[in-house]
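Novice: Sequence:
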Amino acid sequence: MAQQRFPFQSSRSLGLSLLVTGTTVIICFVMSVGQIFPFSLNPIYGLIGVAAIMILLLFIQLDLAFPLYILVAGPTTIFAVSSSGILSRLYIGNLLFVLIVGIWLLRKAGSKHKVEPLRGETGILVSLICLAFIGFLSIMYSHLFPDPLVNYVFVHSTVPLLLVNLVEVSLLISLPLFTVVVPGMVRTLRDARWMIRAYLAIGLIYAFGTIFAAPLHLYSQDVILGVQRPQVFGDSSSSLGMLNVLFACLSLGQMIYTRKQATRLAFGLLVCIFATAAIMTFGREAWIGLLIAIWFILWLRFKRPIVLLLPLIILLFLLLLFPEIISFFDPTKVYGADRINIWQDAIAIWQHSPYMGVGAGNYQFFDLTFGTEIVGVAHNQFLGVLAEMGVQGLVCLLLVIIMIGRTALRHFKTAVSDTGKAISLAYMGYYAALLFASFFTGPFVFSTASGGGTASFVETSYLWIFLGLVLSIPNWDREAAMSDLPVKI
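Following the working numbering, the numbering of the sequence shown begins with 1 at its first residue and continues without gaps.
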C-alpha cells in the first residue's frame, strides 16, 4: 500500500482546494477587469468597487494575493483610474499592491499567534532603504534649491509637482516591501507553485498577443525597418520583449529540473512560445537579453565548454538563415545611435547637480531645458539614477544589483529541491539579461519620469515579485525536497 507522505494532500482535498482556488482566481480576475466600467463612469465608483472586491477576496484567500496580482496588474495598465489629474497616473495594479500589503500587515498585527518579525535579505533590504532615503533627500534638495533655468512643469499634465514627488517616494519605498512581503506570503510549496502558474498563465496571454499581433491589430507607433512593433496591454518594444524573456527563463528552469518526460516536453514548448514572442517584439535589447539569459542558465546548470561557444554557434546559425537580421543593428538604417546623445545629455544633467542630483523623478524637466535629444528619460538605469540622485544614489543602486545577484546565486547553490533550483536558476538567467538591459532601459528602479507614471511600477513589479519568490525558497525548500522523493510502496 502506498504510504501518504503528506496526509493533507489526499486526492479529494487537493481536488477541492484546486476547485476553490481556481474559482477564486477567476472571480477576482473577471471582477477586477469589470471595474473598468465603473472607472469610466466615475473614478470614485471604481475605487470603491475595487476596494470592496479585493478586501473581501484577499481576506478570504490571502495566500493567492500575489498570483492574483500577477494575473490582473499587467493587463489593466491600459486603463488608468481617470483621464486627467493624479488619478491618471494610478492603475488597478497600484491599488491592488497597496491593498495586499495593507491587509497582510493587518493580519500580521491582528494574529493571535506569535508574530514573526519582518524578515528580508539584509544586504538587499538595507541597500534599498538607503536608495529610497537618498531619493527622498534628492527631492527635498530640489525643492530647497531649484534650478532657476528649469521650469518644473509637466508638458501634458497639470498635476502638482509636489504630488508627483510624493508618488515617486512611494514607488521607492515599495522596493524594499517586495523583498519582505512576498517571502512573507509565499510560505509553502503550494504557494510557490501558484506563483509559477500565475506567471506562466499571464505569460501565455502576453506571448500569444505578441505573436498574433497582426491579426489582432495589436500595434504600437514604433516602426523598425518597416516592421511595426506589437503592443500588448500597453507594453511594446523592449519592455514587452524583456517580459517575455522572464517567462522564457521561468519555463526553461522548470524544464531543466522536472523529472517527468511529458512535463519536460510541455515546458519545452512554453520556452519556444515565449522565446518566439520575445523575438517577435522586434526589440533588440530583448533579442540579446534572451540569448544572454539562455546561455547563462545553461552554463550555470551544466558548466561544459560547449556552452561557452553556444552564443557564437546560435549567432552564426541565425546569420546564415536570416542575414538581414544584421540590418537591425546598422545605425545607418535604424535608430539607436541617438542613445549616445541621450547618455551625454544624462551626464550633462547630472553635472548641474553633481552632489544631490536633480531629484528623483525630475529628469524630464532638466531634459527639456538642457537636453539635445529630448526623450524625458536617460535610457540607461545607471545614468538615470546618477542624474536624479547623485553619486550616492548610483552607489546604492550598484550595491542593490550586486546583492541581488549574490543572494540569488547563493539560493541556487543551497537549494535542495528541484523547484527551488529551477526558480533560482531561472532568475539568474533573467538577472543576467537585466544587467544588459540596464544600459538601455531602467528595469530595476521605477521613475515617474517614465511615460505612464506609475505604470512603470506595475511593469517592473513582475521582476521584483520574481525576486521575492527566489527569496522565499528557504521557507518551503525542505517540503519541496520531500515531495521530490519517490513514494515508498
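Careful: at least some of the hints might be erroneous.
Restraint-style ranges between C-beta atoms, simulated for each label pair [what the hints assert, rightly or not]:
#, residue 1, residue 2, range
1, Leu216, Ile374, 27 to 37 Å
2, Gln344, Ala262, 32 to 42 Å
3, Leu265, Leu166, 42 to 52 Å
4, Thr276, Tyr335, 33 to 43 Å
If you are wondering where the hints come from, they were derived from the structure by calculation, not from laboratory data.
Quick reminder that beta carbons are idealized off the backbone N, C-alpha and C, glycines included.
Novice: Now tell me, hint by hint, if it's right for this structure.
Specialist: Do the hints match the structure? See the list:
Taken as a hint, the range 27 to 37 Å holds for the pair Leu216 and Ile374, whose Cβ atoms sit roughly 33 Å apart. For the pair Gln344 and Ala262, the supplied restraint of 32 to 42 Å is violated, since their beta-carbon distance comes to about 54 Å. The hint said 42 to 52 Å for the Cβ distance between Leu265 and Leu166, and at roughly 50 Å that hint holds. As the Cβ distance of Thr276 to Tyr335 is approximately 24 Å, the hint placing it in 33 to 43 Å is violated.
Of the numbered hints listed earlier, those contradicted by the structure are 2 and 4.
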